[in-house]
Amino acid sequence: MDILCDIVQALFALAALGLIVVLVVAHLTAGMVNLTRHENEKYFLTATGERKPFPSLHDPFSRELSVVIPAYNEELRMPMMLDEAMQYLENRQKQNPTFTYEVIVVDDGSRDKTTEVALRYTNKYSADKVRVLTLVKNRGKGGAVRMGTLSSRGKLILMADADGATKFSDLDKVEAGLKDLSTGPENLAISCGSRAHLEKDSVAQRSVFRTFLMYGFHFLVWFLCVRGIKDTQCGFKLFTREAALKTFSSLHVERWAFDVELLYIAQCFKIPIAEVAVNWTEIEGSKLVPFWSWLQMGQDLIFIRLRYITGAWKLHSPHKTD
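Mapping of the sequence shown onto this note's numbering: position 281 corresponds to residue 389, and the numbering continues sequentially without gaps.
Quick caveat, the hints were computed from the structure, so don't treat them as lab data.
With a straight-line cut-off of 27 Å between C-alpha atoms, the simulated BS3-like cross-links for lysine-lysine are:
| hint | residue 1 | residue 2 |
| --- | --- | --- |
| 1 | LYS160 | LYS232 |
| 2 | LYS338 | LYS281 |
| 3 | LYS237 | LYS281 |
| 4 | LYS263 | LYS275 |
| 5 | LYS422 | LYS338 |
| 6 | LYS378 | LYS338 |
| 7 | LYS263 | LYS160 |
| 8 | LYS160 | LYS150 |
| 9 | LYS160 | LYS237 |
| 10 | LYS232 | LYS263 |
| 11 | LYS232 | LYS202 |
Since this is a predicted model, take the numbers as computed values, not measurements.
Could you build all of it, start to finish, from the sequences and the hints given here?
Encoded structure:
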């Protein structure tokens, strides 16, 4: 009996020591918010090749909608998505001439012709409607979305994936979800596209191992960071300008788990969040590596929570980029 007690005490001691080590590692390895831009990232090209400076999210809005599209090696998949998006936006503008928009394609340090492909749309529609922000080095999807958002002019800002997995006309649905929220005097609100209603069908098509990883990730999200949102990872989210400034100014995670931190920040600020079912189709060519990406996201979730608990990361007041 004494031996059993000693073993239990030793296990508790090891667990406590392990937790302390993880806390220390999480705190010491915490990176700060990096909003610094390379000089070349401060400008976009017009159809005539002229370089013009990007505006700032701190400036007053001058468009009804900004669409931010993060793109890493997307020369093949992006054209179909941009064609669909531009057709929708142009038709909407024809029906309502007061509607104004811009699309910002953020090339996240691609090694293919993503920038060249995106610039074809600048040449076709003008730089007033389509702008390309080419990052000097790869930041990750979260970093790309943030840099594009901080360069936008929209009253509303939509984050949309370059693969076109979500039907672009579902913008109507997330807009309706946003309007249903009480934004308050600060005009803070977020509407998230969601694939939760498709989960039953997707589980039937997945292996047992991938299903286990998916449910494990959902549990960690719920347990550590975000509650009340069934699908944090859908790449179709709509922000008021004020909510985008408040959340993206504090964002630290630049890889796959950035959506979770973004919504965690929003809930800390008590920003109203709607979750709206959208159409979604899996597109071949995903950059997500099933096991290793899930492992990285799981680590990020744990570190997000621990770094805010230890004070390594703090919620920031919005400040301008360099």
